[in-house]
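Novice: What follows is the residue order along each chain.
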Amino acid sequence: MCRRGLFLTRLSRGTISTFGMPAPALHQPASTSSTSSIKVFSAASLASSSKVFAVLLTLLLFASAASPQGRRKVIIDQDARGPATTDQQAILMFLQSPQVETLGITIVSGDMWRDEEVAHTLRMLELTGHPEIPVVPGAIYPLINRMEVIDRWEALYGKVHYEGAWNNHKPGANSASSLRGKYHPPAEVPDLIEGNPTIKPAAEDAAHFIIRMVHQYPHQVTIYAGGPLTNLAQALSIDPEVADLAQELVVMGGALAAIYPNGPPTELRREFNFWWDPESVHMTLTAPWHKITVTTVDISIKTRMTKAMLTEIAKIQTPAAQYVAKYGDKEYMEYMWDELAVAGWIDPSIITKQSQLFMDIDISHTANYGNVLLWDNTDRPGLDEQLVNLPEELDSAKFYKLFVDLLAQPSAAPVAAH
Amino acid sequence: MPIDKIFGEAEISVRRNNSPRRNYILLTVLVFLVLLGNVPGVSAQAPGSHKVIIDQDASGPGGSDMQAILTIVQSPATEVLGITVVTGDAWLAEEVQHTLRLMEIIGRTDIPVVPGAAFPLVNSKEYIARWETLHGKIVYQGAWNFAVGGPVHGPWEIPPMSEGAPTSKPAAEDAAHFMIRMVHKYPHEVTIYEGGPMTNLALAQAIDPEFASLAKELIVMGSSLNPQTDDPEFTLTPRREFNLWMDPEASSRVLHSDWARVVVTTVDISIKTHMTKELIAQIAAGKTPAAQYTAKYAQPGYLWDELAAAAWLDPSIITKTHKVYMDVETDHGAGYGDTLVWVEQTRPHLGEREVEIQDDLDQEKFYREFVDLMIRPTPPPHVGK
Numbered sequence: 040m041c042r043r044g045l046f047l048t049r050l051s052r053g054t055i056s057t058f059g060m061p062a063p064a065l066h067q068p069a070s071t072s073s074t075s076s077i078k079v080f081s082a083a084s085l086a087s088s089s090k091v092f093a094v095l096l097t098l099l100l101f102a103s104a105a106s107p108q109g110r111r112k113v114i115i116d117q118d119a120r121g122p123a124t125t126d127q128q129a130i131l132m133f134l135q136s137p138q139v140e141t142l143g144i145t146i147v148s149g150d151m152w153r154d155e156e157v158a159h160t161l162r163m164l165e166l167t168g169h170p171e172i173p174v175v176p177g178a179i180y181p182l183i184n185r186m187e188v189i190d191r192w193e194a195l196y197g198k199v200h201y202e203g204a205w206n207n208h209k210p211g212a213n214s215a216s217s218l219r220g221k222y223h224p225p226a227e228v229p230d231l232i233e234g235n236p237t238i239k240p241a242a243e244d245a246a247h248f249i250i251r252m253v254h255q256y257p258h259q260v261t262i263y264a265g266g267p268l269t270n271l272a273q274a275l276s277i278d279p280e281v282a283d284l285a286q287e288l289v290v291m292g293g294a295l296a297a298i299y300p301n302g303p304p305t306e307l308r309r310e311f312n313f314w315w316d317p318e319s320v321h322m323t324l325t326a327p328w329h330k331i332t333v334t335t336v337d338i339s340i341k342t343r344m345t346k347a348m349l350t351e352i353a354k355i356q357t358p359a360a361q362y363v364a365k366y367g368d369k370e371y372m373e374y375m376w377d378e379l380a381v382a383g384w385i386d387p388s389i390i391t392k393q394s395q396l397f398m399d400i401d402i403s404h405t406a407n408y409g410n411v412l413l414w415d416n417t418d419r420p421g422l423d424e425q426l427v428n429l430p431e432e433l434d435s436a437k438f439y440k441l442f443v444d445l446l447a448q449p450s451a452a453p454v455a456a457h
Numbered sequence: 007m008p009i010d011k012i013f014g015e016a017e018i019s020v021r022r023n024n025s026p027r028r029n030y031i032l033l034t035v036l037v038f039l040v041l042l043g044n045v046p047g048v049s050a051q052a053p054g055s056h057k058v059i060i061d062q063d064a065s066g067p068g069g070s071d072m073q074a075i076l077t078i079v080q081s082p083a084t085e086v087l088g089i090t091v092v093t094g095d096a097w098l099a100e101e102v103q104h105t106l107r108l109m110e111i112i113g114r115t116d117i118p119v120v121p122g123a124a125f126p127l128v129n130s131k132e133y134i135a136r137w138e139t140l141h142g143k144i145v146y147q148g149a150w151n152f153a154v155g156g157p158v159h160g161p162w163e164i165p166p167m168s169e170g171a172p173t174s175k176p177a178a179e180d181a182a183h184f185m186i187r188m189v190h191k192y193p194h195e196v197t198i199y200e201g202g203p204m205t206n207l208a209l210a211q212a213i214d215p216e217f218a219s220l221a222k223e224l225i226v227m228g229s230s231l232n233p234q235t236d237d238p239e240f241t242l243t244p245r246r247e248f249n250l251w252m253d254p255e256a257s258s259r260v261l262h263s264d265w266a267r268v269v270v271t272t273v274d275i276s277i278k279t280h281m282t283k284e285l286i287a288q289i290a291a292g293k294t295p296a297a298q299y300t301a302k303y304a305q306p307g308y309l310w311d312e313l314a315a316a317a318w319l320d321p322s323i324i325t326k327t328h329k330v331y332m333d334v335e336t337d338h339g340a341g342y343g344d345t346l347v348w349v350e351q352t353r354p355h356l357g358e359r360e361v362e363i364q365d366d367l368d369q370e371k372f373y374r375e376f377v378d379l380m381i382r383p384t385p386p387p388h389v390g391k
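Line by line, the protein sequences are chains A and B.
Sequential numbering of the first sequence, starting at 40, is according to our numbering.
Sequential numbering of the second sequence, starting at 7, is according to our numbering.
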């Protein structure tokens with residue numbers, strides 16, 4: 040093989056630093072066909088309005104500190120395994136932040152089946168003093184992908200290490216150890232070790248809830264997705280305006296070129312959240328969001344729960360801290376996958392380096408099905424793929440401190456029901 | 007296999023078998039083997055003991071392909087049975103001419119230059135152009151989008167050669183039949199070194215299913231796992247590598263054949279090597295035609311194929327390895343031509359082979375041995391051929 044120096048002159052992928060401020064929204068046209076639907080800010084207009092912008096920003100900061108109405112609005116879309124684990128801990132970070140108003144928690148199958156996740160989430164809300172937050176059931180199954188199809192796929196292409204709710208899918212068989220249970224069908228909800236909830240989920244479905252909220256608060260709602268993107272794909276399919284009406288999209292998912300401590304991974308571009316429902320990821324990542332941030336495996340595995348952290352949390356007397364201390368993972372010391380995605384949104388200064396690339400997922404039914412695709416501006420196909428922010432490095436101390444500090448917050452005051 | 011490994015295994019056998027008589031026989035056999043020169047390892051073997059076929063996409067003049075050919079031909083430890091040529095970095099026809107000319111320059115026109123496949127089995131330039139509209143541009147496509155020192159041209163066109171045109175002729179036989187004939191003539195003795203797309207090897211295996219099992223081993227420059235670099239050509243598509251990508255079906259066929267051993271030099275380790283100006287200057291100081299040719303046409307860049315060749319000659323260049331099962335994706339999706347790897351627990355058991363992956367190298371040793379090979383006198387033709 041031989042590659043000439045010619046190709047080495049290409050620019051390295053760009054990196055931007057965030058200096059304690061949210062990165063600017065990406066008003067980049069994804070392709071010529073969708074340019075008209077996206078606002079393009081010219082450098083000149085930005086410069087001339089910078090003073091006005093600064094004044095507005097100051098006002099906004101004051102407003103957010105002053106009233107619940109000024110809190111940053113978020114919909115938490117989560118595959119909510121429980122008790123605790125990265126899923127419930129990510130949810131708790133939003134709920135515990137005084138700067139955040141959680142409009143609702145929409146649930147999707149992923150790490151567990153939806154109904155079991157709904158129960159764990161309701162119970163977590165009871166135990167941590169947030170019973171007023173709506174829990175909205177979403178998709179039980181991915182759009183196209185099915186565990187029976189994955190069985191056939193594996194016969195051709197090899198075993199998939201982690202399959203979430205599908206793991207070892209024979210009724211009664213032990214699931215992956217981190218699932219802490221036995222496989223059961225989707226409608227079955229075993230008794231919860233943290234106790235069964237008495238509060239009930241919302242009657243609405245996740246997709247319609249998301250659509251209703253972004254119309255009620257146009258350009259004010261952040262959609263955070265910590266699980267498979269089925270609910271978002273459903274919402275976008277019913278109402279394509281969702282992407283434009285949302286303020287931004289924050290996702291934990293995907294893998295690029297992660298360096299694991301135990302040597303090179305055989306599956307470089309496969310990550311569970313994306314893999315579970317590839318078609319939904321494609322639909323979501325090709326929608327015209329104003330800003331997309333994707334926390335990948337690459338940066339998530341630079342974090343880790345520690346026994347020391349759990350000991351520190353156990354000393355905090357808030358219900359949230361006690362919940363995490365009691366049910367938090369003490370055996371596997373998991374990576375803080377979803378918590379990092381949340382933290383980077385709550386305090387962008389935690390992310391010390393990030394790049395911007397165009398991202399999609401392979402939906403061809405091949406060996407590469409469900410794997411991340413990545414381009415820069417020179418080689419992308421121009422089929423509505425979007426530029427996404429990809430956090431690469433973090434201030435670990437600041438991240439761990441934020442996590443512990445949030446658990447120490449008193450449960451935030453309820454806001455008016457939606 | 008390195009000589010110390012043979013002795014290491016022999017010692018284990020000696021310990022297992024307590025009979026002094028058996029020990030004596032074992033040692034006699036070992037000494038005999040060493041004297042025969044059948045034990046590889048550059049430093050301690052008879053001249054020309056290493057039978058090898060060089061299968062190469064031989065873009066020229068100079069550069070990684072020609073430098074890899076030179077690495078093997080310049081070693082006194084090798085007996086090069088032939089150089090089989092395949093389209094890859096350049097088209098077959100011009101590659102054959104550049105290779106013939108190189109053999110003339112270094113005085114080794116005794117080595118047959120055997121033309122192989124002009125096109126991949128299934129993949130094509132035209133297909134990839136459509137593929138790109140769906141899945142994005144592919145920066146480097148060898149002969150399909152690049153030509154040394156001139157515009158991209160068609161498969162049968164041979165642009166003027168700056169090193170001069172050859173007067174010698176290629177072999178009349180085709181690469182696949184030549185390789186089959188050689189492994190039958192010297193069963194289990196011939197190393198197949200592969201520095202380009204695998205079309206010739208796949209054709210040989212399709213014609214003669216015994217082909218791979220009759221070879222001694224397969225040495226490959228190809229595949230990509232997770233290269234650590236800022237170069238977007240490799241980070242955006244970390245599993246795509248040109249040699250395996252250009253003919254995915256051939257790659258998959260070859261990686262499902264029953265080789266006794268497969269060693270793979272990946273992009274990951276190749277990009278830890280650099281043809282620096284200093285190295286070129288060291289080679290330019292050599293007075294031999296091989297050194298002068300190499301220095302004249304060398305360009306700064308990675309030493310892709312040279313590393314595969316040099317590490318075969320001296321395995322101690324490689325300081326770390328691991329084993330995986332490897333295949334290449336032949337599905338026509340976004341991953342077409344990408345490297346697939348598994349461990350024992352995850353592999354599909356469809357005939358995929360375990361390969362040795364080189365992870366790390368002793369750079370100084372590699373550079374030193376590479377320069378030494380480039381500047382040493384070219385060995386004379388092998389006696390008794």
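Because the hints were derived from the structure by calculation, they are not lab data.
No residue lacks a Cβ here, since even glycine has one placed at the ideal position from N, Cα and C.
Hints should not be assumed to be uniformly reliable.
[What the hints assert, rightly or not] Distance windows between CB atoms, simulated:
| hint | chain 1 | residue 1 | chain 2 | residue 2 | range |
| --- | --- | --- | --- | --- | --- |
| 1 | B | T352 | A | H247 | 47 to 53 Å |
| 2 | B | S322 | A | Y201 | 55 to 61 Å |
| 3 | A | H254 | B | E360 | 52 to 58 Å |
| 4 | B | E360 | A | A242 | 52 to 58 Å |
[Stated by the list, open to error] Straight line, CA to CA, 20 Å or less: simulated SDA-like cross-link-like pairs of lysine to any residue:
| hint | chain 1 | residue 1 | chain 2 | residue 2 |
| --- | --- | --- | --- | --- |
| 5 | B | K143 | A | T305 |
| 6 | A | K198 | B | K143 |
| 7 | B | K143 | A | P279 |
| 8 | A | K198 | B | H262 |
| 9 | A | K198 | B | K278 |
| 10 | B | K329 | A | T305 |
| 11 | B | K278 | A | L422 |
| 12 | B | K143 | A | P304 |
| 13 | A | K198 | B | E350 |
| 14 | A | K198 | B | G357 |
| 15 | A | K392 | B | T235 |
| 16 | B | K278 | A | I298 |
| 17 | A | K198 | B | T235 |
| 18 | B | K329 | A | Y299 |
| 19 | A | K198 | B | D337 |
| 20 | A | K198 | B | T336 |
| 21 | A | K341 | B | G307 |
| 22 | B | K143 | A | A297 |
| 23 | B | K326 | A | I402 |
| 24 | B | K143 | A | Y299 |
| 25 | A | K198 | B | K326 |
Novice: None of the hints should be skipped; say for each whether it holds.
Specialist: We went through each hint and held it up to the structure:
1. B:T352 / A:H247: 47 to 53 Å: The hinted range 47 to 53 Å is violated for B:T352 and A:H247, with Cβ atoms some 40 Å apart.
2. B:S322 / A:Y201: 55 to 61 Å: Violated: the Cβ-Cβ distance is about 39 Å, outside 55 to 61 Å.
3. A:H254 / B:E360: 52 to 58 Å: Because 57 Å falls inside the window, the suggested range holds.
4. B:E360 / A:A242: 52 to 58 Å: holds, 56 Å
5. B:K143 / A:T305: Distance ~25 Å between B:K143 and A:T305 Cα, so the pair is violated.
6. A:K198 / B:K143: With Cα atoms ~30 Å apart, A:K198 and B:K143 exceed 20 Å; violated.
7. B:K143 / A:P279: violated, 29 Å
8. A:K198 / B:H262: holds, 19 Å
9. A:K198 / B:K278: violated, 31 Å
10. B:K329 / A:T305: holds, 11 Å
11. B:K278 / A:L422: violated, 35 Å
12. B:K143 / A:P304: Given that 20 Å is the threshold and the Cα spacing comes to 26 Å, the pair is violated.
13. A:K198 / B:E350: Holds, at about 10 Å.
14. A:K198 / B:G357: holds, 15 Å
15. A:K392 / B:T235: holds, 16 Å
16. B:K278 / A:I298: The given pair, whose Cα atoms are some 17 Å apart, holds under the 20 Å limit.
17. A:K198 / B:T235: Distance ~29 Å between A:K198 and B:T235 Cα, so the pair is violated.
18. B:K329 / A:Y299: Answer holds: B:K329 to A:Y299 is near 17 Å, not above 20 Å.
19. A:K198 / B:D337: Between A:K198 and B:D337 the Cα gap is close to 18 Å, so the pair holds against 20 Å.
20. A:K198 / B:T336: Since the Cα atoms of A:K198 and B:T336 sit roughly 18 Å apart, the hinted pair holds (cutoff 20 Å).
21. A:K341 / B:G307: Status violated; Cα separation ~32 Å.
22. B:K143 / A:A297: violated, 23 Å
23. B:K326 / A:I402: Not OK: B:K326 and A:I402 at ~36 Å, beyond 20 Å, violated.
24. B:K143 / A:Y299: Status violated; Cα separation ~29 Å.
25. A:K198 / B:K326: The hint is violated at about 27 Å.
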